[in-house]
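A.B. asks: Okay, here's what each chain looks like letter by letter:
Number of protein chains: 2
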Amino acid sequence: MAKDVGILAIDIYFPPTFVQQEALEAHDGASKGKYTIGLGQDCMAFCTEVEDVISMSLTVVTSLLEKYQIDPKQIGRLEVGSETVIDKSKSIKTFLMQIFEKCGNTDIEGVDSTNACYGGTAALFNCVNWVESSSWDGRYGLVVCTDSAVYAEGPARPTGGAAAIALLVGPDAPITFESKYRGSHMSHAYDFYKPNLASEYPVVDGKLSQTCYLMALDSCYKYLCSKYERIEGKQFSMSDADYFVFHSPYNKLVQKSFARLLYNDFLRNASSVDEVAKEKLGPFSTLSSDESYQSRDLEKVSQQVAKPLYDAKVQPTTLIPKQIGNTYTASLYSALASLIHSKHTKLAGKRVVLFSYGSGLTATMFSLKLNEGQNPFSLSNIATVMNVAAKLKSRTEFPPEKFVKVLKVNEHRYGAKDFVTSKDISLLASGTYYLTEVDSMYRRFYAQKVAEKSRCDNGSLTNGQ
Amino acid sequence: MAKDVGILAIDIYFPPTFVQQEALEAHDGASKGKYTIGLGQDCMAFCTEVEDVISMSLTVVTSLLEKYQIDPKQIGRLEVGSETVIDKSKSIKTFLMQIFEKCGNTDIEGVDSTNACYGGTAALFNCVNWVESSSWDGRYGLVVCTDSAVYAEGPARPTGGAAAIALLVGPDAPITFESKYRGSHMSHAYDFYKPNLASEYPVVDGKLSQTCYLMALDSCYKYLCSKYERIEGKQFSMSDADYFVFHSPYNKLVQKSFARLLYNDFLRNASSVDEVAKEKLGPFSTLSSDESYQSRDLEKVSQQVAKPLYDAKVQPTTLIPKQIGNTYTASLYSALASLIHSKHTKLAGKRVVLFSYGSGLTATMFSLKLNEGQNPFSLSNIATVMNVAAKLKSRTEFPPEKFVKVLKVNEHRYGAKDFVTSKDISLLASGTYYLTEVDSMYRRFYAQKVAEKSRCDNGSLTNGQ
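Taken in order, these protein sequences are the chains called F and R.
Oh and the first sequence: position 171 is 171 in our numbering, straight run, nothing missing.
Oh and the second sequence: position 303 is 303 in our numbering, straight run, nothing missing.
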């Protein structure tokens with residue numbers, strides 16, 4: 001069996017267009033700090049009419065292959081996690097095949113995985129399992145998480161975002177799976193769903209979704225701890241992981257989640273909870289589960305108690321989600337990317353525990369072990385390739401009025417046919433794919449903004465037959 | 001690593017309501033034989049307003065667990081293949097969690113896999129890989145293929161169908177994967193897709209889809225042969241497999257596909273093609289690929305030449321697809337179920353080659369090895385449990401007028417909210433789940449038709465939170 005299977009390489013793409021949460025607060029007539037402190041968000045990325053989940057995934061896959069110098073023929077499996085449905089039958093993966101077909105590689109397994117924000121994690125697990133299975137043919141797996149999160153006008157609108165992340169999977173990786181330390185919690189819930197098929201917007205019960213998230217977190221942590229304890233013969237606590245990476249719809253929920261883990265450790269009488277913390281949490285030891293999810297006091301006290309640990313174990317994972325917003329399937333991996341961006345030289349030997357959540361609901365907590373790796377598959381090279389600081393810096397801010405106009409255009413275009421886009425690519429970086437046209441048969445056409453250095457290469461993608 | 005991983009158990013469910021293709025021909029004013037001989041179909045199953053892909057999958061999973069006496073706690077992975085979208089975010093898998101939650105099992109990995117009719121195969125491969133991976137926790141995997149295929153009025157309407165199939169996956173199986181003999185062909189095509197999000201009906205180019213199917217078949221067969229030859233050091237031909245099982249949208253395409261494989265063997269100068277066949281196919285040896293897909297003469301001659309082999313290697317796989325129609329993700333496995341139904345006592349030691357196709361497009365040809373197995377996981381018990389003959393016999397025929405009315409009702413109900421169904425379950429067998437209501441928040445409610453013997457058990461499913 002292949003050894004040390006995991007993530008070899010990462011690239012991230014997000015649109016170069018964003019809105020400031022502070023400006024959006026004012027525009028929406030929300031109280032000052034409602035989005036920036038209440039949600040804990042700084043900015044929100046969004047697709048203009050020339051970008052969508054397909055163009056973003058074409059961009060990030062092309063970029064990853066190029067920057068890590070991977071021959072497209074070396075890819076044996078390609079799968080996509082997304083909850084942004086453009087076609088109900090044809091997978092996003094088949095659009096990405098255009099990149100591989102032109103190199104003569106059509107023997108690539110994998111399709112799209114779907115359940116809300118969890119699809120990317122499902123795709124990643126599938127890819128890792130493939131490399132460990134007897135079906136593996138020695139080539140790389142490639143996982144793409146791509147989503148555009150948009151909400152109808154109202155309280156959920158500031159929790160949108162957009163990004164695509166590509167993860168290369170194979171043996172001898174710098175980011176490996178501790179596959180036995182894993183707990184899932186899956187159940188039937190209606191916290192966030194998309195039953196209105198003609199609309200891009202979800203039906204969402206924000207309060208219920210937060211409770212579902214925290215319940216799933218508790219359950220997954222319980223499973224992970226009990227599996228760890230069965231295998232290692234000792235208790236697991238927060239002290240046993242160096243970093244915690246959460247699915248990050250908005251930063252405030254990440255803060256609450258980490259505090260919730262501390263409360264779990266307190267109830268389990270784990271060594272991670274010191275005497276001062278025990279004393280502060282004492283009054284909450286007899287709450288029922290339901291009461292504990294509703295208690296504002298517990299929320300406040302546990303976050304206060306968890307603050308120093310949060311700063312050490314979670315804060316380094318929060319940059320990108322706070323800057324680009326909720327990116328659904330890409331959210332958890334944009335938090336992981338933030339950690340690598342901010343700490344890459346100090347991560348060798350560290351354990352990172354991740355919590356993936358998708359409404360409806362599906363959730364898994366799992367553990368990764370990091371090592372420096374070898375170029376091009378090293379943590380430091382991943383940080384260099386992702387180039388997060390420069391990408392964030394080169395973005396263009398849209399005032400809220402212009403952002404709302406963009407959303408209106410996209411609303412009308414969603415599910416529509418027979419239109420051409422503005423083809424305005426002035427804000428896109430070289431190499432970015434963009435939507436040019438949807439014809440009368442709903443067929444979608446994309447082109448690539450040609451890089452200065454490779455103008456000879458015709459960037460347009462021909463259509464499937 | 002777990003050994004002899006594969007399919008341990010199968011159950012199949014299809015609606016008890018069907019229309020005769022012969023009657024539909026007359027109703028549609030089509031020429032006599034257009035659907036029965038031209039398409040090669042006998043009957044078509046369809047869901048009335050009380051059934052859908054969720055109810056069918058609840059029915060088949062409950063039935064499989066009960067009939068093979070599997071404790072729901074023994075399931076560690078559950079995934080669904082489907083292209084019938086009821087919600088764009090919440091997976092069908094989460095609806096199925098209701099069965100497991102009430103037994104206290106929420107630690108079950110897996111979500112939905114999507115790309116047209118291929119999603120079930122993707123889910124099956126994922127499940128097998130999981131059992132072979134380091135993440136396997138010793139429990140069973142369960143794969144569900146569920147689809148309702150309906151088409152707008154017109155030439156594609158008789159190619160509908162409906163069914164759900166459940167496949168239990170684990171080690172020491174009677175149906176094991178020869179995982180190294182596998183070839184995939186995936187590319188970007190618009191042969192059949194569902195871009196009109198508000199409609200249940202696809203956009204389909206029948207002629208293009210057939211050519212895509214045959215091109216993918218050629219490509220997958222080429223890959224499978226070359227992999228076999230690299231490993232075994234000898235040529236692979238049709239003689240090396242006892243049965244060929246095809247994705248079966250309509251039987252005529254299955255006949256054409258098998259003949260196409262023979263034509264491939266002829267071009268490869270394989271031992272499976274005798275002198276008489278060589279002589280008959282001789283005139284077609286210089287056709288270009290494109291010409292060969294268009295040539296009616298080649299189609300006719302190759303089918304004629306292949307007829308005796310078709311009767312032996314394919315005909316035993318055709319019963320259910322001809323009786324219930326195209327069931328998308330369930331189609332290939334309903335053909336496999338037909339083989340086990342008709343030949344179960346004679347299958348030990350046999351090799352079965354399967355071809356899975358999903359428009360858009362994704363396709364894989366793969367190989368299974370069969371052994372009798374041990375009860376309850378034996379081929380003969382699978383045949384007994386599936387009880388195909390009795391299920392087909394107990395169905396109720398609807399005249400075309402009534403069938404069209406049902407489709408009209410379903411058309412209005414698709415994506416709708418705030419309605420109750422007729423709750424008319426007179427035609428459903430005991431144990432069948434059915435849709436009772438979709439509330440004003442689009443939440444769906446199902447109940448189970450209580451079996452005479454277990455009236456004490458309240459069959460209704462409570463809703464997720």
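Please note that the accuracy of each hint is not assured.
[As the list claims (entries may be wrong)] Below, in silico cross-link-like pairs of lysine-lysine (DSSO-like), each with a Cα-Cα straight-line distance of 27 Å or less:
1. 222/R x 73/F
2. 180/R x 102/F
3. 408/R x 88/F
4. 207/R x 102/F
5. 3/F x 180/R
6. 73/F x 207/R
7. 300/R x 3/F
8. 307/F x 369/F
9. 408/R x 417/F
10. 408/R x 73/F
11. 278/R x 227/F
12. 102/R x 88/R
13. 34/R x 227/R
14. 222/F x 32/R
15. 417/F x 417/R
16. 252/R x 34/R
17. 408/F x 88/R
18. 234/R x 88/F
19. 73/R x 234/F
20. 73/F x 234/R
21. 3/R x 222/F
22. 417/F x 207/R
23. 180/F x 102/R
24. 417/R x 180/F
25. 88/F x 222/R
26. 3/R x 180/F
27. 417/R x 207/F
28. 88/R x 88/F
29. 417/F x 88/R
30. 417/R x 88/F
31. 252/R x 102/F
32. 3/F x 234/R
33. 3/R x 227/F
34. 227/R x 278/R
Simulated from the structure, these hints should not be mistaken for lab results.
A.B. asks: Between residue 417/F and residue 88/R, is the straight-line Cα distance small enough, at 27 Å or below?
C.D. replies: 19 Å, holds
A.B. asks: Quickly compare the C-alpha distance for residue 34/R and residue 227/R to 27 Å and report which way the hint goes.
C.D. replies: 40 Å, violated
A.B. asks: With a cut-off of 27 Å on the C-alpha distance, tell me whether residue 252/R and residue 102/F pass.
C.D. replies: It is violated: about 32 Å lies between the C-alpha atoms, which goes past 27 Å.
A.B. asks: Holds or violated: residue 88/F with residue 222/R, Cα cutoff 27 Å?
C.D. replies: 30 Å, violated
A.B. asks: Does residue 417/R pair with residue 207/F here, judged by a C-alpha cut-off of 27 Å?
C.D. replies: 22 Å, holds
A.B. asks: Holds or violated: are the alpha carbons of residue 180/R and residue 102/F at most 27 Å from each other?
C.D. replies: 25 Å, holds
A.B. asks: Regarding the pair residue 73/F and residue 234/R, is the alpha-carbon distance no greater than 27 Å?
C.D. replies: At roughly 25 Å apart (the allowed maximum being 27 Å), residue 234/R and residue 73/F satisfy the hint.
A.B. asks: Between residue 180/F and residue 102/R, does the CA-CA distance stay at or below 27 Å?
C.D. replies: Holds, at roughly 25 Å.
A.B. asks: Given the hint that residue 408/R pairs with residue 417/F, does the C-alpha gap stay at or below 27 Å?
C.D. replies: 25 Å, holds
A.B. asks: CA of residue 88/R to CA of residue 88/F, is that 27 Å or under?
C.D. replies: 8 Å, holds
A.B. asks: Going straight from one Cα to the other, do residue 222/R and residue 73/F come out at no more than 27 Å?
C.D. replies: Given pair residue 222/R, residue 73/F holds - Cα atoms ~17 Å apart, limit 27 Å.
A.B. asks: Given the hint that residue 234/R pairs with residue 88/F, does the C-alpha gap stay at or below 27 Å?
C.D. replies: Roughly 42 Å separates the two Cα atoms, so the pair is violated.
Hint violations for this structure: numbers 6, 7, 10, 11, 13, 14, 18, 21, 24, 25, 31, 32, all remaining hints satisfied.
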